[in-house]
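*Asks:* Please construct the entire structure, taking both the sequences and the accompanying hints into account.
In case you want the letters, here they are:
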Amino acid sequence: MTATATAPRHLLSGLVKVRELGIILALVLLVGYTAASNPRFLSGQSIRDILLNTAILAVMAAGQAVVVITRNIDLSVGSVLGLSAFTVATMMSDNPGLPMVVAILVGLAVGGAAGVLNGVLVRYGRVPALVVTLGTLYMFRGVTYSWAGGQQVNADELPRHFLTFANDAVLGIPWLVLIALVVVGGVALLMRNYRVGRELYAMGSSPQAAELAGIKVARNLLGAFILSGALAGLAGVLFAARFGTVDAAAGTGLELNVVAAVVVGGVAVFGGSGTVWGAGLGALLLTVIGSSLTVLDINQFWQQAIVGALIILAICADRLVAVRIARSLRKKDSHV
Amino acid sequence: MTATPGPSRPGPAKLEVRDVTKSFGAVAAVQGVSFPLYAGEAHALVGENGAGKSTIVKMLAGVHRPDTGTLAVDGAEVEFAGPADAKAAGIAVIYQEPTLFPDLSVAENIAMGNQPLTRLRQIDRKAMHANAARLFTRLGVHIDPDRPARGLSIADQQLVEIAKALSSEARVLIMDEPTAALSGVEVDRLFAVTRALRDEGAAIMFISHRFEEITALCQRVTIMRDGRHVCTEPVADLSVDDMIRRMVGRDLSALFPKQDTEIGETVLEVEGLGREGVFRDVSFTVRAGEIVALAGLVGAGRSEVMQAVFGVDRYDTGSVRFLGKPLKAGSPRAAMAAGMALVPEDRRQQGLVMDLSIERNVTLPRSRALARLGLLFGAAERREATSWTSQLQTKLGRLSDPVGTLSGGNQQKVVLAKWLATDPKLLIVDEPTRGIDVGTKAEVHRLMSSLAARGLAVVMVSSELPEVLGMADRIIVLREGHVAARLTRAEATEENVMYAAMGQQVTT
Amino acid sequence: GGTTKDSADNSGAAAQTGASADPNAKLKEGLKIAFLPKQLNNPYTDVEVGGGKVAAGELKGEYKLVGPNDASASSQVSYINTLIQQQQDVIGIAANDPNAVCPSLNQARQAGIKIVAFDSDASKDCRDVFINQATTQGIGESLVKMASELAGGSGEIAILSATPNATNQNAWIEVMKTELAKPENAKLKLVKTAYGNDDDQKSFQEAQGLLQSYPNLKVIVSPTTVGIAAASRYVSSSNYKGKVAITGLGLPNQMREYVKDGTVKKFALWNPADIGYLAAYAGAALASGQISGQQGEKFKAGKLGEYTVGAAGEIVLGPPTEFTAENIDQFNF
Amino acid sequence: MSDLARGGKQKDNAVLEVRRRLATWDSIIVLLTVFVLVVASFSVTNFGTSRNFTFMILDLLPIVLVALPMTFIIVTGEIDLSVASTLGLASSIMGYLWNQGLSIESIIPICVVVGAVLGAINGFLVTGLGLPSLAVTIGTLALYRGLAFVVLGDGAVADFPFTYTGWVTGTIGDGPVPNVLVLILVLAAIFGVILHATPFGRSLFAIGANAQAAHFSGIRVARTKFWLYVVSGAVAGLVGVLWTLRYSSARADNGAGLELAVVAAVLLGGVSIFGGKGSLPGVLAGVVLLAALQNALRLQDVSGQALNIVTGALLVLSVLLPNIATSIRTTWQRRKLRRAATV
Ligand SMILES: Nc1ncnc2c1ncn2[C@@H]1O[C@H](COP(=O)(O)OP(=O)(O)OP(=O)(O)O)[C@@H](O)[C@H]1O
Ligand SMILES: Nc1ncnc2c1ncn2[C@@H]1O[C@H](COP(=O)(O)OP(=O)(O)OP(=O)(O)O)[C@@H](O)[C@H]1O
Ligand SMILES: [Mg+2]
Ligand SMILES: [Mg+2]
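Chains as they are written, first to last, in my numbering: chain A, 1 to 336; chain B, 1 to 508; chain C, 1 to 333; chain D, 1 to 343.
By construction, these hints were calculated from the structure, which means they are not laboratory data. Just so it is clear, CB atoms sit at the ideal spot from N, CA and C, and this is done for glycine as well.
Distance windows between CB atoms, simulated:
#1 B:Thr118 with C:Val191: 54 to 62 Å
#2 C:Lys26 with D:Thr163: 37 to 45 Å
#3 D:Phe35 with A:Val116: 28 to 36 Å
#4 C:Glu174 with A:Ser37: 28 to 36 Å
#5 A:Leu21 with C:Lys177: 46 to 54 Å
#6 B:Val78 with A:Pro99: 47 to 55 Å
#7 B:Arg150 with A:Leu313: 24 to 32 Å
#8 D:Phe35 with B:Asp85: 39 to 47 Å
#9 B:Gly140 with A:Val101: 54 to 62 Å
*Replies:* Okay, here's the thing in structure tokens:
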């Protein structure tokens, strides 16, 4: 029994690793090709730019991945980012003396509150997440617009320490990147090795069974939405620090990028499978695609089309791997 | 199998149902039922389909809250706000329908909720895996703990459910038809494990429509009829006929009224059918008026063969001829048009659309024929549905209710109605009486038998040996995806079939 | 033979503004003047319509501001329809698409509403006058002149524009290309035109891309306020600072920081508030019958003085101002 | 049960049935829509005029047409987010071909066919390769929009013949009925009958609620979904043509963002995002309700920002309110039972 059980175990875990390996492979190919035609693509400044650009998307993708794994979706993240970015930027321009930590906490709080609203409506209102968050996508954006009007917070109104935060580095790694790494790593660990993480997978895999298994579905679901909201809020702070100019439209349409990153990263939209690391890699891949198309000097008009085609390719590749795993399972089971 | 004599129990009940009532809208599912479960005793709950057994289970599990009445654990009244509370009170439940997480590994499924933890409060995967492997050894089954639950056969799912319930080391174990998908070998294993648990002092509640299982395992039985409590008595005091009479409210005639029929010409010819990794070189024919049974152990590939014949699955080699003409592969629509019908084994996933109304489900394969000038009106569907559900004595509220609100057995009747309504020339039934009560089972058998007498060809896949022996004209035994034996009605005995299914020498 | 481009009669039902102008007519009071900019919540736009509001006040009219949150023509059409229903007297519009808004504007004109296009023109036959911030030629020339000065007369330059469809941007870029083709600019090489879609983040990333792709780039010219601000911000925080010059059209308030820290030496703009101001006065003059949009007609525009309607109903505001570290503190918009 | 008793019970059932039907979300939304239209006509100046009616119909034209096939797709449990990009690409191609000198009579069918082909690509990716539709159509959303820019670049083509542009914005005999209303009504009727009164329509609900059971019932699940995507693409292509003619402007960015408005309207109309539930009258009411509210609020000078909030809130409330009503009813029933038991 044990002897037969361990061999497929290696095989399986090997295959599972392949899932993320596919994305890594795609990344390597893309970076390799781009760097071959323009070596400056691998210069320090360029890599720094790519990582900085990825950071915000990756932070949001980590939260989104958790929500998607529970068979839900959070389309409101772009609007939450806008709300949080504007709140924090206004606060910092009014009180230039506030330390960065306060900005981050306020961003997390704003996002978390938005997440609570989403979670409560989904769980206690029994409204499908897509409907709720499509609704709050409009509502949060509307709130930001009504509040901001035509106002814009410009870089010169923001305190210096807030703006330099985006570019300052510890041990050569910019704060932004560090935060993204910690967030993605932390959430990934939580989802993989802790009970609550596995419960979230279970909830996405079979919602009814999760109820019957006595999983605290309400608490977990609320938690997932709060996490996604809070991370979108955090992303808002990072956005404000990085771009320096914030108006009511900040982050408009970003939800589709975030969902795309998660999906490209191999998280199944029907819940229950995929990893947070994958989502982070998905965010990186999307950013690199964008950057390398610019660097390769691809016609502006072709860029969007190529991004779309690459997204579809990535999903196809992921599907291919999944089918392979299923087939190997079937073979292993067969008595024939 | 031998029955353990039922001791008369003193002392407080481990778990007690006190005068509970539960209604769903207009349906009164349970009305004023009380009975105790004692430690060290297995308690059977029997009743017709829709009698309210599963509803009681769900109240004990904290899924439903009783409208009135209470539950008591160790004599103290409790109120369960959800399944977590019941679990915390030491109650483990195997539900009638498997409730696994398809994306998680089997080991995780079993451990969910009480995974072993390392010092950092992380999940200890090694211990989790070992635990699952140990449980499977105890149950004598071979399932890889690291494979995902997706793709497990119904039987394997049921076994994982059992392992899950065992793993929680509960003081009360409630099993809602755990054996419906299992064949004799696995049932015996399950009973051995259950008896051990019982003797260690657990209280067991067991639901089944098979009386031999009840007499083999249980000491006490509670009988329900139409949501009401009929009686609770030691099993030893009641004969099977007594139980049936109290359950149904009248006497039942012979259980397997197989009529002799005139065998007509060949309807179905399956030639060298094979599918990689699942079955190979399966050949057989079925003639009009004949009932052919496919027997075998769970996972022998019976369902897969018939699904390939009907076209819901593909096959790689071989051919299927129907009424003398080759049948298009991989097209259920072509099979239906030619006059085939398949009652699948998994009614929840394959047989019914749970959210659609009963009438829509019954007429789903027939909607084209019911349409006038391409348009379909509710009246035609309703007429058809009314006629078939009443013919099969389906217990239902309104035809427009979602089929998911019916009890398991009544859902099965709806699946049968749906396919009988297509007036097929060949009826394939996969576990036709799984989860069906005795009365209805007799009804279904009578129906199949009389349909065969009228010239219908029937292929029956069944894991229930008495059913196979009682109904079939010929028996084809599959083992590990290929034909192990072909037996006529005269040759077939319980031993014959079992030996062939398990790969031992057939002694004739 | 169906209807093809060549055979088509697409005259439409262009509104007839037969009324002849009376230069001495009195300016009406209580006129309902509505502004429909490309997009709300855009700082540049806000300054523009702010000027319109001041003028409406001076004219004792009713000022109204409506507009979409996205810079799309279709949403503008819905707003035009609403304004028709509300029976405004004057609509000042910065068209997101010169043609898409046309049928609706003509319906408005049929309903007696005067149409003043500003900032970004609508098609000639569906508006009465167009307030041009500066001549297209003038802007194009001055952009090339600034770029040439900053590049020291030779080297690679790139353009960071708004959306690929922006009418005014494309017109300026055309002029720039003609200018660059002249012998005195032969050593300047336009390597690329990138589009930031007037989206801050996208412009930011496009600027990054330009610098990565063209290591020898000397100047980025961004004739849009969003683009120039984003490009300046990126360069000021990267190690390209000091190596690459940024210029174009920008708002002094947004650019002050980068002019002060040396990222930007010089950029230009007209006073956007004056555009709105002039548009309101032109609208009032139209609604009062002082002018009808014919070439040569004259009217008074409050503090800005007298203006003359040019060819094709164009009214030119005046030459743009160049901003440098020396003079930027004198401006607040 | 005797036949007599059954007859009596069935009559009861019929009454209950009617009451149940009336209480469903799609009938509520129809009533709500009528209510909003009536109230707005009386209380909002200029709302009830025939010209405003025309404006409103023109505003909801693209949403309502795209919503018809979208309803089918969502009922089968899938989604198509690429519709707006398909619209944009069709518009670009229309402009390109017009510039090439093709006649408009041949361009229009070409655009519809192009839409159908784009839909077929979605359909193939979803049904042929078994990819999740949400992911696929996010990809093609970017792809098709990108191609639209490739085809037409930054240009806009505007000189379409007035016979056609005028028809789209015009009314029948210069009366109050817009030409396009006829088109909307005909298409809506066709889609409505197909969904609610044909075997095909039945199969869509079955597919959405349980695709495997539908497959076992002889329904060609993959093929059905594939054709739905083709139809969705074709309709989006047609709407691309109408959009271009309405604004007399073929541009690559036409219709950007329309997909969310369409999905919002469909969901507001009571269609379940999980598939298997929904009705076409509900969807039509949803579209009209959104358009009427936006129109009325704009006339009242409510800002676009507030419109966002109203749209979002409406969407959430449309599902939330019926749920709250149900749970109040069940709690109340339970209480009654409890009380009866204790007495
Ligand atoms: N969720 C529900 N909604 C409405 N009615 C329900 C629901 N669950 C059960 N019922 C009804 O309650 C009655 C009892 O059902 P239950 O499932 O308890 O029967 P059962 O005894 O387990 O039958 P079986 O032997 O067929 O499993 C049936 O009439 C059934 O239709
Ligand atoms: N979807 C699936 N994915 C992987 N393996 C499967 C799948 N379906 C069936 N199998 C495997 O194929 C084999 C044959 O299963 P099948 O259901 O045909 O057996 P059966 O004889 O009908 O038994 P049962 O009583 O379980 O229906 C089993 O080993 C089963 O585990
Ligand atoms: Mg049951
Ligand atoms: Mg089977």
